[in-house]
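> Generate the whole structure from the sequences, applying the supplied hints.
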Amino acid sequence: MNWATFFRSFVYAARGISWVVQTQQNMRVHVAAAVTTMAMAAWFRLGGWELAWVVTAVFLVLSAEAFNSAIEAAIDRIGPERHPLAGAAKDAAAGAVLILAIHAVIAGIFVFGPRILQ
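In our numbering, each residue's number is its place in the sequence shown (first place is 1) plus 1.
Everything labelled a hint here was simulated from the structure, so no lab data went into it. Some hints here could point you the wrong way.
Said to hold, decoys possible - Derived DEER-like restraints, expressed as beta-carbon distance ranges:
1. Asn3 to Ile107: 42 to 52 Å
2. Gly114 to Phe68: 45 to 55 Å
3. Arg83 to Thr24: 20 to 30 Å
4. Ile76 to Gln23: 18 to 28 Å
5. Pro81 to Trp50: 44 to 54 Å
Using N, Cα and C, we set each Cβ at its ideal position, and we do this for glycine too.
Pasting the structure below:
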């Protein structure tokens with residue numbers, strides 16, 4: 002195993018995360034929601050399965066947004082002309098983010114809802 006190559010892959014990953022946060026407005030919205038959600042988890046002292054659900058939902062949404070941005074960038078790199086398959090790929094990737102964001106909201110309602118209503 003080449004350790005330099007291994008550690009360099011983390012640099013590339015960090016550069017990718019930085020690019021997504023710096024260039025994609027939706028990622029910044031998701032990061033703000035993630036920070037708020039994790040602050041609420043700390044405030045309500047979540048533990049066990051509830052914390053696991055919240056953390057999983059947060060990271061799934063952030064990961065999906067990163068994948069969505071990568072797919073959009075790759076398609077945009079191919080060329081500026083519109084193509085139905087390019088549009089379908091972009092729409093499907095955005096749809097995946099929406100599905101996971103809805104999941105995160107539902108998980109948040111189940112975990113935080115009873116605490117907020119008390």
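> Sort out which numbered hints this structure fails and list those numbers smallest first.
Number 2 - this is the single hint that the structure violates.
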